[in-house]
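Asker: Sequence:
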Amino acid sequence: MKSEVYREVVYDHVIDYINSFNDPGYLKDMRDYAEENHVPILERETESFIKFLLNTTTPKKVLELGTAIGYSAISFTLNSGIESYTTVELREDFTEIARENIKKYNVDNVIEVINGDAYEVVKTLQDVYDIIFIDAAKGQYKKYFDECEKLLSDEGIIICDNILFRGMVTKKELAVRRKKTIIKRLNEFISYIKNDERFISSILPIGDGLLLVRRKVWKK
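For reference, each letter of the sequence shown is one residue, going 119 to 338 in our numbering.
The set of hints was computed from the structure by calculation and includes no laboratory data. Every residue gets a Cβ at the ideal spot worked out from N, C-alpha and C, and that includes glycine. Some clues are possibly wrong.
[Stated by the list, open to error] Result set (DMTMM-like, lysine to aspartate or glutamate): computed pairs, CA atoms no more than 25 Å apart in a straight line:
id: 1; residue 1: K261; residue 2: D245
id: 2; residue 1: K268; residue 2: E201
id: 3; residue 1: K169; residue 2: E218
id: 4; residue 1: K268; residue 2: D235
id: 5; residue 1: K146; residue 2: D211
[What the hints assert, rightly or not] Pairwise CB distance ranges (calculated):
id: 6; residue 1: H156; residue 2: K334; range: 34 to 44 Å
id: 7; residue 1: K178; residue 2: L322; range: 37 to 47 Å
id: 8; residue 1: L243; residue 2: T176; range: 17 to 27 Å
id: 9; residue 1: T242; residue 2: R209; range: 36 to 46 Å
id: 10; residue 1: P158; residue 2: R333; range: 28 to 38 Å
id: 11; residue 1: E218; residue 2: L243; range: 36 to 46 Å
id: 12; residue 1: N197; residue 2: Y135; range: 19 to 29 Å
id: 13; residue 1: Y135; residue 2: K261; range: 36 to 46 Å
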C-alpha cells in the first residue's frame, strides 16, 4: 500500500514515470514471490534512492535489521561496492529463503544472514558499520536506534524505512485502531531524533517514508 501522504504530494502517474526507468525484469522472481506471498519488500522508488545513496557514500560495511527474503540485501550488494553486509531476520522461514536467494545470486560471500531477534542480535555485534538500514518491527525503532548508533561509523548513516507508516504518522484520520501503538511509538521516535542535538536528520516522502540520520559534523 502506498503512503497516502506520498500520494497527496506526488501523483501516481509521476511515481509510475519514475519507476518506468527501473528494469522490470530486475530481481523479478523475488518481486513476484513477495507479491504472491504477501512478503513486504522495498518499494521501487525507495530501492532506487538507496542504491543512489550507496553509490555516493560508498560504504564498505552495512547492517540491516529485517531481511525478509533478502531482496534489499541482494539489490544493494549487486549495485554497490559493499564488502560486508550483515542482515538480521526473526523468522526462520524467511531466513532460509533469504539464504537460498543470496546463494542463487552469488553474493553469499558478501552477505551474512543472522536468524534472531534484531534487538538481541544487535547488542552482541562488535563491528562498525557505514550504513545501518532499519526495516524491522516499526514499534521498536527507538530501541533499535539506541543500539545501532553505537555501531555507526563517524560518517555513517542510519536509514529507517516506513517512517510515515502509510501516512498514519502524519494524518490521524488515516490511523487504524489496531495500529495506534505503533503510530504513537513512531511519532515519539521521530521527536526523539529531531530533539537530539548529536544528530542531523531528514524525512523523505519516498515510498512509505524514509528517515535518514547521521551525526553532526559540526557544533555551534
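Asker: Against this structure, judge whether each hint is valid.
Answerer: Here is what the structure says about each hint:
no.	hint	result
1	K261 - D245	holds (18 Å)
2	K268 - E201	holds (21 Å)
3	K169 - E218	holds (22 Å)
4	K268 - D235	holds (18 Å)
5	K146 - D211	holds (20 Å)
6	H156 - K334: 34 to 44 Å	holds (40 Å)
7	K178 - L322: 37 to 47 Å	violated (24 Å)
8	L243 - T176: 17 to 27 Å	holds (22 Å)
9	T242 - R209: 36 to 46 Å	violated (19 Å)
10	P158 - R333: 28 to 38 Å	holds (29 Å)
11	E218 - L243: 36 to 46 Å	violated (24 Å)
12	N197 - Y135: 19 to 29 Å	holds (21 Å)
13	Y135 - K261: 36 to 46 Å	holds (38 Å)
Hint check: violations occur at hints 7, 9, 11; the rest are consistent with the structure.
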